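Chemist: Next come the chains, spelled out residue by residue.
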Amino acid sequence: MCSLIVAELAPWLAPLVPDLPGWLVLCVAAVIHVTLLGAFFGIPAAIGIWGERKVSGRIHDRIGPTRVGGRFGWLQSVADGVKLIQKEDLRPSDADPILFYAAPYIVVVSAFASFLFLPFSRDWVALALETGLFFALAVHGLEVLGIILAGWSSGSKWSLFGGMREAAQLVSYEIPLGICAAVPVIAAGSMSLNDIAMYQAGGIQNWLIFANPFQFFAFWVFFVVTLAACKRAPFDLAEAESELVGGFHTEYSGMRWSLFFLAEYASMFFVSGLAVMLFLGGWWTGFGIDETFVTGGADVFGRVLGCGVFMAKSCLLVLLQMWVRWTLPRLRIDQVMTTGLKYLLPMSCVLFLGAALWPLVVYAILGRPTLFATTEFVDVVDLLAVVDMSALTAGGLAG
Amino acid sequence: MTEVLFAIYALVTCGGAIGVVACQNVVRMATSLTIALGGVAGLFLLAGAEFVAAAQLLVYVGGTAIVLVFGVMLTAKESFAPPRVTPNELIVAIAVASAMFAVIAGTALRVDWPEPPTADGIVTGEDNVKPLGLAMLGIRADSKPGYLFPFEIVSLHLLVVLIGAGYMARATRTLATPSKRSVEADASSDRPPSASGGPV
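Protein chains in written order, with our numbering: chain R, 488 to 886; chain A, 4 to 203.
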């Protein structure tokens with residue numbers, strides 16, 4: 488379970504540059520990987536912005552961009568990027584200089600760093616940690632600091648209100664996010680995203696969304712909660728143009744403003760990728776034929792296929808997020824907090840409890856932990872054996 | 004390589020800590036504290052404790068520091084005049100800080116730290132989380148006592164704190180006295196303007 492840098496990139500690079508010391512080869516391999524991840528950070532944003540305008544156009548019964556770059560407006564994102572780069576870099580005189588300039592970078596760094604833990608295909612992950620999911624959620628939650636600082640340091644009341652509202656929303660939705668992300672961990676038995684995806688190999692019946700009804704509802708609750716965590720409508724109070732001018736990014740212009748939105752689209756792709764990993768079978772197609780590609784010698788082809796499948800599924804979820812945005816009206820801040828703390832939090836607790844009890848009940852009735860999945864259940868059986876043994880010894884000591 | 008990374012993370016942590024003390028602006032102090040806590044998470048990662056590093060980021064940086072920054076921002080006044088320090092306070096502060104530093108540094112240098120398990124000090128994080136989770140349930144290898152009881156006590160403690168905080172932060176309403184009841188009734192019948200937003 489080595490990471491891509493250590494396992495593949497560095498050994499591939501070392502024979503090419505034999506006179507460099509080992510640590511420098513590691514650094515160069517890390518730089519290559521970070522550039523690849525930077526591409527995954529920037530390109531979904533560019534495609535996402537174009538897609539958003541097309542999807543919103545169609546839902547509004549109009550066409551969307553058609554002039555820049557041909558019939559479909561392919562180069563609209565490039566035009567936007569050029570426009571934003573050449574804008575004047577303003578700072579209000581009341582703004583705190585260091586924090587005002589640092590805040591967009593905190594948001595971008597947390598959104599970008601969360602891609603380090605996402606496996607794009609089998610073993611193609613920057614950091615293969617055993618607590619990958621936990622770390623990804625922790626790093627993703629650091630953007631709240633950037634938003635608070637952006638809101639406060641702009642020196643404007645619109646920014647402060649927007650920043651405070653946004654921070655309250657993000658912080659209160661982190662709890663159901665964590666609980667809903669823990670629900671598939673119960674079924675798969677590991678917090679490593681690689682292991683969770685490997686658990687779902689072998690066919691669509693093994694996808695964790697179908698493991699039990701609690702997992703099914705957990706996927707939808709997870710989807711709604713990640714809409715709030717990415718500040719997407721109907722939870723987009725930060726960009727509530729009709730209420731707060733621009734929320735926390737009112738005073739930002741040009742490239743700094745666009746950094747916030749790059750981070751938002753990258754976040755959308757990241758949480759979609761996370762949902763695909765946790766519930767929708769990761770990089771497996773669901774037909775059960777993928778393993779023959781991977782184990783039958785066509786290793787790289789199997790992995791590229793997996794990467795493509797993963798990206799396609801994530802893009803479908805991003806499309807779903809955009810569809811929801813342009814369909815539903817925006818929630819008020821008190822409605823957002825009510826939904827999060829009064830409805831989604833108890834819901835996710837109940838789903839967690841149910842998902843924890845379901846394998847035990849089914850095991851007692853049927854003799855195996857799930858109804859129709861066909862993966863190996865080594866972890867659950869081992870755990871039950873360990874619990875039996877410890878209960879025996881504890882009873883023996885106490886009695 | 005490990006030494007270079009350790010130096011970087013140590014610089015970040017100590018730099019953030021010095022920033023807390025040296026900044027004049029309260030919000031910048033809170034941000035420096037956040038940076039210092041992030042550096043500590045990096046040090047945990049270097050030591051191979053992935054779970055603790057993630058928990059540090061999630062709980063300290065993503066929770067405690069955020070609440071700290073919130074509180075500082077909402078309670079500090081606009082003009083951040085740094086507080087005046089009298090010479091007496093300066094002397095006492097230097098004495099207390101030096102004594103505390105002597106105690107901590109002396110203790111840390113006197114402990115007989117165990118050697119790291121591998122030659123270059125790099126610890127892999129294999130098989131880190133499952134024993135931790137099982138230990139929290141009271142199941143540890145070699146029949147050592149688990150952590151179930153402390154876990155339950157800490158959870159109850161947190162529940163008490165949460166309920167107490169929720170109780171103390173509840174919205175209180177003043178009781179209407181009989182002579183003012185009509186005035187209260189008039190005032191409470193005014194609805195706040197609905198914030199459903201202007202033209203979408």
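These aren't lab readings, by the way, just hints derived from the structure by calculation. As the structure is a prediction and not an experimental result, all values here were calculated from the model. One or more of the hints may lead you astray.
As the list claims (entries may be wrong) - Heads up, incomplete: computed chain A residues facing chain R, CB under 8 Å, no partners named:
1. 28
2. 29
3. 32
4. 34
5. 35
6. 53
7. 57
8. 60
9. 63
10. 76
Stated by the list, open to error - Covered by chain A, per the in silico footprint, the following chain R stretches (three or more residues, Cβ under 8 Å):
11. 633-641
12. 789-802
Even glycine gets a Cβ: it sits at the ideal position worked out from N, Cα and C.
Chemist: The structure should be examined with respect to each hint, and the outcome stated for every one.
Modeler: Hint check:
{"no.": "1", "hint": "28", "result": "7 Å, holds"}
{"no.": "2", "hint": "29", "result": "11 Å, violated"}
{"no.": "3", "hint": "32", "result": "11 Å, violated"}
{"no.": "4", "hint": "34", "result": "6 Å, holds"}
{"no.": "5", "hint": "35", "result": "10 Å, violated"}
{"no.": "6", "hint": "53", "result": "5 Å, holds"}
{"no.": "7", "hint": "57", "result": "4 Å, holds"}
{"no.": "8", "hint": "60", "result": "4 Å, holds"}
{"no.": "9", "hint": "63", "result": "10 Å, violated"}
{"no.": "10", "hint": "76", "result": "5 Å, holds"}
{"no.": "11", "hint": "633-641", "result": "holds (count 4)"}
{"no.": "12", "hint": "789-802", "result": "violated (count 0)"}
In summary, the structure is inconsistent with hints 2, 3, 5, 9 and 12 from the numbered list given earlier, while agreeing with the others.
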